[in-house]
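We have chain A already, so just place chain B on it with the hints.
Number of protein chains: 2
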Amino acid sequence: MTTTENHTPMGFGRMHRKEDARFIRGHGQYVDDVNLPGMLHGAVLRSPHAHARIVSIDTSAAEAHPKVKAVITGQTLEGLNLAWMPTLSHDVQAVLATDKVRFQGQEVAFVVADDRYAARDALEVIDVEYEALPPVVDARRALEPDAPVIRTDIDGKRDNHIFDWEAGDAARTDEVFASADVVSAQDMLYPRVHPAPMETCGAVAHMDPITGKLTVWTTTQAPHAHRTLYALVAGLPEHKIRVISPDIGGGFGNKVGIYPGYVCAVVGSIVTGKPVKWMEDRSENLMSTSFARDYHMHGEIAATRDGKILGVRVNVLADHGAFNGTAQPTKFPAGFFSVFTGSYDIEAAHCAVTGVYTNKAPGGVAYACSFRITEAVYLVERLVDVLAYDLGMDPAELRKRNLLRPEQFPYVSKTGWEYDSGDYPRALSQAMDIAGYAELREEQKRRAVSGDGPLMGIGISFFTEAVGAGPRKHMDILGLGMADGAELRVHPTGKAVLRLSCQSQGQGHETTFAQIVAEELGISPDDIEVVHGDTDQTPFGLGTYGSRSTPVSGGATAVVARRVRERAKIVASAMLEVSPDDLEWEKGRWFVQGDPDSGKTIQEIALAAHSDLELPDGVEGHLDATCVYNPPNLTYPFGAYICVVDVDPETGQVKVRRFVAVDDCGVRINPTIVEGQVHGGLAEGIGMALMQVMAFDEDGNHLGGSFMDYLIPTSMECPSWELGETVTPSPHHPIGAKGVGESATVGSPAAVVNAVVDALKPYGVRHADMPLTPAAVWRALQNRPLRTDLAIT
Amino acid sequence: MTTTENHTPMGFGRMHRKEDARFIRGHGQYVDDVNLPGMLHGAVLRSPHAHARIVSIDTSAAEAHPKVKAVITGQTLEGLNLAWMPTLSHDVQAVLATDKVRFQGQEVAFVVADDRYAARDALEVIDVEYEALPPVVDARRALEPDAPVIRTDIDGKRDNHIFDWEAGDAARTDEVFASADVVSAQDMLYPRVHPAPMETCGAVAHMDPITGKLTVWTTTQAPHAHRTLYALVAGLPEHKIRVISPDIGGGFGNKVGIYPGYVCAVVGSIVTGKPVKWMEDRSENLMSTSFARDYHMHGEIAATRDGKILGVRVNVLADHGAFNGTAQPTKFPAGFFSVFTGSYDIEAAHCAVTGVYTNKAPGGVAYACSFRITEAVYLVERLVDVLAYDLGMDPAELRKRNLLRPEQFPYVSKTGWEYDSGDYPRALSQAMDIAGYAELREEQKRRAVSGDGPLMGIGISFFTEAVGAGPRKHMDILGLGMADGAELRVHPTGKAVLRLSCQSQGQGHETTFAQIVAEELGISPDDIEVVHGDTDQTPFGLGTYGSRSTPVSGGATAVVARRVRERAKIVASAMLEVSPDDLEWEKGRWFVQGDPDSGKTIQEIALAAHSDLELPDGVEGHLDATCVYNPPNLTYPFGAYICVVDVDPETGQVKVRRFVAVDDCGVRINPTIVEGQVHGGLAEGIGMALMQVMAFDEDGNHLGGSFMDYLIPTSMECPSWELGETVTPSPHHPIGAKGVGESATVGSPAAVVNAVVDALKPYGVRHADMPLTPAAVWRALQNRPLRTDLAIT
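For the protein sequence lines, the chains are A and B, in the order given. Numbering follows this note's numbering, with no gaps: position 237 of the first sequence is 237. Numbering follows this note's numbering, with no gaps: position 1 of the second sequence is 1.
Keep in mind the hints are simulated off the structure, nothing from the lab. Keep in mind that a hint or two might mislead.
[What the hints assert, rightly or not] Result set (BS3-like, lysine-lysine): computed pairs, CA atoms no more than 30 Å apart in a straight line:
hint	chain 1	residue 1	chain 2	residue 2
1	B	K213	A	K240
2	B	K400	B	K67
3	A	K100	A	K157
4	A	K67	A	K308
5	B	K655	B	K400
6	B	K274	A	K274
7	A	K240	B	K569
8	B	K67	B	K213
9	B	K274	B	K240
10	B	K157	B	K100
11	A	K445	A	K308
12	A	K400	A	K569
13	A	K157	A	K67
14	A	K213	A	K308
15	A	K213	A	K274
16	A	K569	B	K240
17	B	K213	A	K587
18	B	K308	B	K400
19	B	K587	A	K213
20	A	K213	A	K240
21	B	K240	A	K240
22	A	K240	B	K100
23	B	K240	A	K587
24	B	K569	B	K587
25	A	K445	A	K655
26	A	K274	A	K240
27	B	K445	B	K400
28	B	K400	A	K213
29	B	K445	B	K100
30	A	K400	A	K445
31	B	K445	B	K308
32	A	K213	B	K240
33	A	K569	A	K587
[To be verified] To give an idea of the chain A side of the interface with chain B (calculated C-beta under 7 Å), a few residues:
hint	residue
34	H16
35	D20
36	I24
37	H27
38	H491
Predicted, not measured: the structure shown is a model, and the values here were computed from it. Note that beta-carbon positions come from the ideal geometry of N, C-alpha and C, so glycine has one too.
This is chain A alone, in the form it adopts within the complex (with noise of 0.2 Å):
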């Protein structure tokens, strides 16, 4: 790992995080840290059953509690108009459930009162009478003919169906697997996780009686989209809202969408003429917010007999709780799940995903996921170490032959994408020189043959990521665009203020967005403050998932500086009276052509432009700019990871040993908060390899309510990070950037899965799904004799 110098670079490079400050010494202040005269406090009242037809509501004894201050329904919520709120995928779900409840833990009532205790007391006294109704909860179960009725789908038509899409051409695939040598086909599981952010969520809503503006300060990623929807759905006058997100500890995707609590702690603030607050304690974060993942998935590879890749063939069924959550990109119907054709160069691909409701949680955008990118880039990458098992080929090699190649970009793939730029295979051979592949290899030769010490296990995966969901041929949320605003004031003294859309949620905003404009402008990063998370002070945008701040409020930030830069010349052209045409840029400042010590900074002419120089007509004084940007593309994040794992077979129990990941994000505006990005994702990967899945018993009932139940990772899981990187800057960003927030977990849980498959090979494992507990890893091993033969490869 590489020291973080502590000077502030002009530009891009190292330097501490400037949010750093306050963080560090415990002074971030979060939606919970908000406290307003009068306050109270609001707790939602949850469905015991996962399942069940709602007969009645009796709210009298919670009224009657001298310190609860209201109780709010279903009812309550008709008349202002806030019944049912959007998701992110034009589906919508009831705020507070009037008719059914449809998983557990959803919510039913919510009481606004003195204080959080009183709060909860009073949901104690609430008698609602339930019927309950058998659930579903196996995706599986969901479209069969005799199955239990939760909804129907849009058009009214089939019974707990939401979507089918498909993506590819299933002729040519068809024809291509036909001819096929051979044909490796697995079924696997990418189980339900929970993206666990260390916040909860929740909000502090103040409807001011007097000026009818409504504050919401809340845990969302997405502020103006937020604050659109509540204007759309509501008819709350969009002028009048104003959301507010303060320092987030964490998102993950899991504060994208609109919780029930947000709503009520708005309705609860207009009912009660005060400032509510409702924070969700864990259980109800881990119960009822977005989940992401719960995939059947069939996939078949086919492939030459020496390893010549032809066709990838998927179907999924995906489970998507009682409400589809997920952000659905609408204008290219196969979503982002079409990138399932890998890093690969293949002849033919098709994919078919069947969406379907059951009883649980929605599931959301959530967790580091891109739009469906994760599970595609694990089961491609399962495949494709099946086949080499099926082929009795070294994995790497297998991948090697197969890669895209320098030459091919920008390559359209299979399914009508544009990758951007890359070198694939000098990412694979960097990754196998840190990890010292062939030794590696050598090493589990020796160890199979001695038989001492655990088992030892190497896993290689490549990934390819669609980031940056903003071009307009691609998607829209809900009719909006995926734009995103940038504004940038440079004051008289020269400092600056950059206004963005994205929403930070831990990941340096305030430092990698100063340093683009640094680099673009010349001002140091520390005279630049970048605001966000505020709708009344930001242009509006569509937030921060799917990797997209870079890709988006990025290029937005290098176009707005850039602006700026054209404006000072014409304003440093009236200073030198010369013509623009003469001047030449040099970071931070213009000089005249052939006169280096004739140059004005930006300083200077950030003064100049506030004054009474007199500019050109219809140049205005001043040294703004804004910028709303649509990438012209998305952009393609890739990388290679190896990981190295021991496993004991006797208690099942996995060590990831090593971890070597080289990644490429084009280029990297500061290296240390790229490296932060990849080590996080990292451990989320073991951690869904390994240990998460958010369980659920036949009766529907929610397995993982707190964080003994729903394990997820720490340092104690994670080795140390070995980083590599290659620098292919994609050509369709205005500085090369490509994102990197989700890479390492949308790259890693496939290297440690095929790590312990790899590990468990002797005993003749092909496949085995997540988590690998030490449960999953034993039972796998039961009944399994040693193989030597296939210890040997």
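Chain B in isolation, oriented as in the chain A frame:
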């Protein structure tokens, strides 16, 4: 007075003020309403001497006070580079005096304590040893060779001297005077007055020790200028300063400059790490914040025997107090006093003004003076009446003969100012019609003959203002130009937010500016939020004073709305799939020419702009615009006022019986607000004419420290105003508006004084100086027999 109808016009017209919902219910939020956790309180130690050397300051007893957190003196400030602060005229003022005190009430030390009471108590035990120096109280003494030295001028050459400037052609004026039949001369004093806003000045400063961000809630009319001044002078980084002006309880120019208390609150917060509140009491505001006027004027007017005015010649001695706080136009050295040629078609004019230091508090931009136009208008309007007296002519008749004629506009004055538009004779005729001028003169004659009742006087004034400080060619403040910014953002649902750099102090900006957008775009004013008073939320600009909000920010608003309309046209053309050239605008929508049903409303266009609609290359997906507006010229509101008074010769008591005001401020955005501004200004005019004067004794002791000593008018002194209007749109403003904030204050004092002098005419009174208190009037009548020959003209 016209009734305000309670509906919202889609543009200009009468509507209730949007801000009144909170003001009427007592929910305005003023600086003193800001209370932060852990906030400390500051108090200022002030000099008891008008002029003294500071021998020593001993703060040890104050520092020992158990509730005192800090005692700040000039020495503390040296270390922070905050010892001197700029005034608006390139002068500097000691924040806390170290060497000398130069006026009674000057700031010497600042105590920060747990509460206001402890802070005040601690002031008592600060031991300052003074060595008294002789003071200069009368400006006429300041330049005498043996006068005590307060300061030297900026070049260090001449003691107590600030500036000499002149305007007009002295030689040509002398020629005109030499050839004239009649020359009337008069010395007059425009007394020192104080704006006396209901809310005194104050600030809450919070330097966050974690983020290094300074937030200052402050009573300022110019938040951006304040921020830049803090940055320029103290080197505080501008992007780390946020100046918030919440609701402001009246400004009238008193709240333009930076006062030492503001700076001390900031320093107090830096030193203690806590928020610090400082609020003046009434005495402090009256004693030490910016005064106005205090001009000793000698005027001469030359005319032909039949009343054709030929020229005006003026000498002024301007008392600016101990520091030159007056905003000083630097590019047009004669400043706004140059419009002393009034509203008349004359041949030549010359004016010379000398500014001097005296031992009084610094004068300011203060008090609705449009940079000294108030004094100029008073001077010339009194001179015209003196000429009428000398010629034995009716003053209305004399004015009629000399007013500029409509066909002379645009009119370039003898001092080079370009008056934009007007029909002056029509305004005077209308005022005379409303007043029933001929009947009033008849009544006056009858009363004089009968001797019944009090003396009756009829006074006229005609004024032309030059307002809208902004054109680059005219002026700057401290090197900053005088442009103002506007940003208009139309949200996806078609509601809008307008962000302005100007700052309301009660003028109804939230309503007026919303109406300009409504007029241009067809969005209801109710759907437009106007934001000002927060440097973090608004574009840069110089703020509100000198009636410049409508001329400058109003222009910016109209321009920015038109830019949004043009953007909307491009979006609509993409929606309707026609060329933009085929579209026609009708308020609120674009439609295809010849097909009125085809239109898209601005709200539909806003949603589409934020959606995935394909827009032409280079067109970004939003409906926002920004503008920084430098007006092409000043605007010239004008008006004709007629005042009728009754004067009791026994007591000197003046009663204003009637007051007719015909104002032309160009296009009226909200006539109710315009009338409110006129009402307020007329009351102020009566106050200045009849009661207000900030007096000092010969030792420089300030004699007006409360509203028992310094009298301001109430509704008891005001008649039921009789208003009229003419509308000649300004060709130099996008919507033809001129501004009206100071018109009545500027125009009315002369009408009242002319009326009183007219009433006293039977006693041979030709002039009497303001304020015409009962004592002053009574004195003017002493030893003057009633002359019936003078009573009946």
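Checked hints:
1. K213(B) / K240(A): Distance of about 27 Å is within 30 Å: holds.
2. K400(B) / K67(B): violated, 68 Å
3. K100(A) / K157(A): Within the cut-off at roughly 20 Å; holds.
4. K67(A) / K308(A): violated, 71 Å
5. K655(B) / K400(B): Cα-Cα ~27 Å, so holds.
6. K274(B) / K274(A): With Cα atoms ~28 Å apart, K274(B) and K274(A) stay inside 30 Å; holds.
7. K240(A) / K569(B): holds, 26 Å
8. K67(B) / K213(B): holds, 26 Å
9. K274(B) / K240(B): Distance ~17 Å between K274(B) and K240(B) Cα, so the pair holds.
10. K157(B) / K100(B): Within the cut-off at roughly 20 Å; holds.
11. K445(A) / K308(A): Distance ~26 Å between K445(A) and K308(A) Cα, so the pair holds.
12. K400(A) / K569(A): violated, 50 Å
13. K157(A) / K67(A): Violated, because 47 Å separates the two Cα atoms, which is more than 30 Å.
14. K213(A) / K308(A): violated, 63 Å
15. K213(A) / K274(A): holds, 12 Å
16. K569(A) / K240(B): Holds, at roughly 26 Å.
17. K213(B) / K587(A): Since the Cα atoms of K213(B) and K587(A) sit roughly 27 Å apart, the hinted pair holds (cutoff 30 Å).
18. K308(B) / K400(B): holds, 10 Å
19. K587(B) / K213(A): holds, 27 Å
20. K213(A) / K240(A): holds, 5 Å
21. K240(B) / K240(A): holds, 27 Å
22. K240(A) / K100(B): violated, 52 Å
23. K240(B) / K587(A): holds, 23 Å
24. K569(B) / K587(B): Within the cut-off at roughly 12 Å; holds.
25. K445(A) / K655(A): Holds - the C-alpha atoms of K655(A) and K445(A) are around 19 Å apart, at most 30 Å.
26. K274(A) / K240(A): With a Cα-Cα distance of about 17 Å, the restraint between K274(A) and K240(A) holds, given a limit of 30 Å.
27. K445(B) / K400(B): holds, 22 Å
28. K400(B) / K213(A): This hinted pair is violated, its Cα atoms lying about 53 Å apart.
29. K445(B) / K100(B): violated, 59 Å
30. K400(A) / K445(A): Satisfied, since the Cα-Cα distance of roughly 22 Å is no more than 30 Å.
31. K445(B) / K308(B): Between K445(B) and K308(B) the Cα gap is close to 26 Å, so the pair holds against 30 Å.
32. K213(A) / K240(B): Cα-Cα ~27 Å, so holds.
33. K569(A) / K587(A): Given pair K569(A), K587(A) holds - Cα atoms ~12 Å apart, limit 30 Å.
34. H16: violated, 14 Å
35. D20: Where the cut-off is 7 Å and the nearest Cβ of chain B is about 11 Å from D20(A), the hint is violated.
36. I24: violated, 10 Å
37. H27: holds, 4 Å
38. H491: At about 4 Å, which falls below the 7 Å cut-off, the nearest Cβ of chain B leaves the hint on H491(A) intact, so it holds.
In terms of the numbered hints stated before, the structure departs from hints 2, 4, 12, 13, 14, 22, 28, 29, 34, 35 and 36, listed from lowest to highest.
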